[in-house]
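**Student:** Letter by letter, the chains look like this.
2 protein chains.
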Amino acid sequence: MSKSVFYHAGCPVCVGAEQDIINLIGTDSVEIVHFGEDMSRFDEARNAGVKSVPALVTPNGTVLHINFGASMTDIKG
Amino acid sequence: MSKSVFYHAGCPVCVGAEQDIINLIGTDSVEIVHFGEDMSRFDEARNAGVKSVPALVTPNGTVLHINFGASMTDIKG
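Those protein sequence lines, which keep their order, are chains A and B.
According to my numbering, the first sequence holds residues 1 to 77 in order.
According to my numbering, the second sequence holds residues 1 to 77 in order.
One thing to keep in mind: the hints can contain errors.
Any copy, or any two copies together, can satisfy a pair, since identical chains are not distinguished.
[Claimed, not checked] With a Cα cut of at most 30 Å, we get these calculated DSSO-like pairs of lysine-lysine:
1. Lys3 with Lys76
2. Lys51 with Lys3
3. Lys76 with Lys51
Keep in mind the hints are simulated off the structure, nothing from the lab.
In isolation and in its complexed conformation, chain A is listed as follows (with noise of 0.2 Å):
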C-alpha cells in the first residue's frame, strides 16, 4: 500500500485542509475518503487509530491529525 488516506467529514476545516495535502504529495497518491458520502469507511478509520478529522493516515499507518475540525465521536457517537 502506498497510497495515504485522507478522512474528513465536509466540514470547512476538513476541505480547506483536504486541498492543501492535495498540493504538497500529489492526488495520485492520497485517496479521499469523505464520511458524509460514504460512512462505510467510518470504521476502518476509527480503527486506524483516527481521532478527529482532518487526518491523515500515512502508508507506514501513522495517523496525522492535520488541524481540528470534528472529533469522529462527534460524527458517529
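Fit chain B to the given chain A structure using the hints.
**Tutor:** Here is chain B on its own, set in the frame of chain A:
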C-alpha cells in the same frame, strides 16, 4: 517560495511527524526548523500563525497543525 516549512521542538511527537512529513512530501520540498537549535525562527513561526508544534506552513502560507506536541507558549511564554 515553493518549500514548506516544518517547525518543531524536538519532542517525540514532533520527531515522529517530521519523518512522516519528509516521507510524504520529500526532503527537498520541506525545510525543517527545530526551535531547540534555532530559536531565532520562533517569531517568524508565531507570526505565520503557528499555535503548537509540530506544524507545517505550506508554500501558500496555510498552517497545518499536525498532531500535538507542545504549544508555542510552552516553548516561549
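**Student:** If a hint holds in the structure, say so; if it does not, say that too.
**Tutor:** Do the hints match the structure? See the list:
| no. | hint | in the structure |
| --- | --- | --- |
| 1 | Lys3 with Lys76 | within (25 Å within a copy, 37 Å between copies) |
| 2 | Lys51 with Lys3 | both (20 Å within a copy, 29 Å between copies) |
| 3 | Lys76 with Lys51 | both (11 Å within a copy, 28 Å between copies) |
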